[in-house]
Amino acid sequence: MIDPITTIDEAIGEINRRFEATLPRLADLDPKSFLASLWKLGAVVQDNPPAPLLFKACATDAAFAFAHNLTGQFIVYVTSGDDAPLSPCVPNPD
Amino acid sequence: MAKTPQKSPTRALTLPATTTSASIRFGIILDVNGTSVPVTSEDLANAKANGVEFTLQNAVTLGSINDFESWVSTQFNVSLPTAADLPPPLDSVVGAITGMIITVEKAHIKVPGSASKDGVGYTLETNGTFQPEIPLIAGKLGIQGMVFGFSNEPAEN
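First to last, the protein sequences are chains A and B.
Quick note on our numbering: the first sequence kicks off at 1 and runs consecutively.
Quick note on our numbering: the second sequence kicks off at 1 and runs consecutively.
Every clue listed holds true.
Pairs of lysine-lysine residues, derived as PhoX-like cross-links and limited to a Cα-Cα distance of at most 25 Å, are as follows:
| # | chain 1 | residue 1 | chain 2 | residue 2 |
| --- | --- | --- | --- | --- |
| 1 | A | 32 | B | 48 |
| 2 | A | 40 | B | 110 |
| 3 | B | 110 | B | 48 |
| 4 | A | 32 | B | 117 |
| 5 | A | 40 | B | 48 |
| 6 | B | 48 | B | 117 |
| 7 | A | 40 | B | 117 |
| 8 | B | 110 | A | 32 |
Hint data in this document are derived by calculation from the structure and do not stem from the laboratory.
In this text the structure is predicted, and so the values were computed from the model without any measurement.
Turn these sequences into a full structure, and let the hints guide you.
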């Protein structure tokens, strides 16, 4: 059984496992870096994302501040081939 | 009489060439006055060392913004001049600003590498188009719009 994914770091761990990637994990980053703050964000995985997406996880905080007045939702995703239009994760049915 | 199974001719097994490969990316859906403005990354191979750079996929039209002056003040931390601050015919620009159609033309975010002491770099550039243009010399010269934004990144050459 695979543990549920609740953070961006765990989503990246799943990408590394499923797609044989080598993205850095939270433990590899300077804990005070901005990158680490992204990895620490809570996340939700979208089940069966539409093609060409193969995997998609969105930060649960849709208004994370990247700069003083630039806010948004951080997303990590895997596509086959060309890039895909980006949209928020569709809530999974209960 | 039982049939003897015939051997299939030996054929070399050819696997199809890999035409697609998985591409791992990061993205941000920026909220600009309530409109989603997606920016995406390219190379993540050296994210730890080099950080991650996000750029706008396509220009995004926000439409007209009702309380434009307040939005500019909040988003860009600047104050617009009033009509009284400008000589004619430029003073008419102020009155036309509310009806401008705003489009995000450039959005860029650079998250530095893990060891970097730099802050996050950002640029948001928009343009506004007057509907209709503001005439300066009838039939010869007019103002079609204006460009504005904010950035903490070095200007491009």
